[in-house]
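Colleague: Here's the letter readout for the chains.
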Amino acid sequence: GAGVSQSPRYKVAKRGQDVALRCDPISGHVSLFWYQQALGQGPEFLTYFQNEAQLDKSGLPSDRFFAERPEGSVSTLKIQRTQQEDSAVYLCASRGPQGIEETQYFGPGTRLLVL
Amino acid sequence: GIQVEQSPPDLILQEGANSTLRCNFSDSVNNLQWFHQNPWGQLINLFYIPSGTKQNGRLSATTVATERYSLLYISSSQTTDSGVYFCAVGTGTYKYIFGTGTRLKVLA
Numbered sequence: 003g004a005g006v007s008q009s010p011r012y013k014v015a016k017r018g019q020d021v022a023l024r025c026d027p028i029s030g031h032v033s034l035f036w037y038q039q040a041l042g043q044g045p046e047f048l049t050y051f052q053n054e055a056q057l058d059k060s061g062l063p064s065d066r067f068f069a070e071r072p073e074g075s076v077s078t079l080k081i082q083r084t085q086q087e088d089s090a091v092y093l094c095a096s097r098g099p100q101g102i103e104e105t106q107y108f109g110p111g112t113r114l115l116v117l
Numbered sequence: 021g022i023q024v025e026q027s028p029p030d031l032i033l034q035e036g037a038n039s040t041l042r043c044n045f046s047d048s049v050n051n052l053q054w055f056h057q058n059p060w061g062q063l064i065n066l067f068y069i070p071s072g073t074k075q076n077g078r079l080s081a082t083t084v085a086t087e088r089y090s091l092l093y094i095s096s097s098q099t100t101d102s103g104v105y106f107c108a109v110g111t112g113t114y115k116y117i118f119g120t121g122t123r124l125k126v127l128a
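Taken in order, these protein sequences are the chains called A and B. First residue of the first sequence? That's 3 in the numbering used here, and the numbers climb one at a time after it. First residue of the second sequence? That's 21 in the numbering used here, and the numbers climb one at a time after it.
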């Protein structure tokens with residue numbers, strides 16, 4: 003079936019604008035992850051959903067970041083009042099029901115540039 | 021928190037050469053995975069290997085959990101192996117900490 007998709011692939015925002023990044027996980031995957039990847043760095047954990055429940059949001063950098071997955075499938079990461087330091091690639095990943103031993107499948111990412 | 025260090029940070033190989041990438045971690049983990057990020061940014065899982073040895077074609081990986089390191093072996097490298105290799109470790113069921121990666125370039 004189809005892999006994880008993300009949209010938009012690229013987003014340019016002026017400082018202070020709000021942005022919304024979408025993730026469509028693989029159908030039937032209960033686990034969904036968001037990561038932030040700065041240039042030249044490894045991905046950093048932002049938040050984790052199991053179905054519609056957000057079980058961990060400890061990696062969200064500030065209260066300007068908000069994620070939701072209201073029906074347990076599509077997820078949206080919203081960033082309010084964007085700042086230049088928010089510029090990064092935002093990666094979404096999903097994982098099947100077997101849990102820790104299952105592969106995380108990553109989307110292509112959304113590259114956000116805040117001017 | 022757990023520190024994850026990868027070496028070497030950069031590696032240039034001639035096509036056909038072999039290489040070993042290393043991942044050191046600072047505490048006990050119950051989850052370790054290796055990923056390849058291609059030049060277009062797509063991350064692909066290579067191995068789930070919290071302990072022991074696995075092989076998949078020209079790639080193999082070994083994790084010695086008691087000594088807190090993992091190795092990724094690439095044999096007969098090809099230009100398509102270029103990209104960044106990350107190891108990611110975890111202590112629970114979902115939270116992964118990624119290393120800073122090894123950037124590999126394979127020359128034709």
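Please note that a few of the clues may not be correct.
[Stated by the list, open to error] Below, in silico cross-link-like pairs of lysine-lysine (DSS-like), each with a Cα-Cα straight-line distance of 25 Å or less:
#1 B/74 x B/125
#2 B/125 x A/80
#3 A/59 x B/115
Hint data in this document are derived by calculation from the structure and do not stem from the laboratory.
Colleague: Now, for every hint given, state plainly whether the structure supports it.
Modeller: Hint check results:
| no. | hint | result |
| --- | --- | --- |
| 1 | B/74 x B/125 | 24 Å, holds |
| 2 | B/125 x A/80 | 35 Å, violated |
| 3 | A/59 x B/115 | 11 Å, holds |
Of the numbered hints stated above, the single one contradicted by the structure is hint 2.
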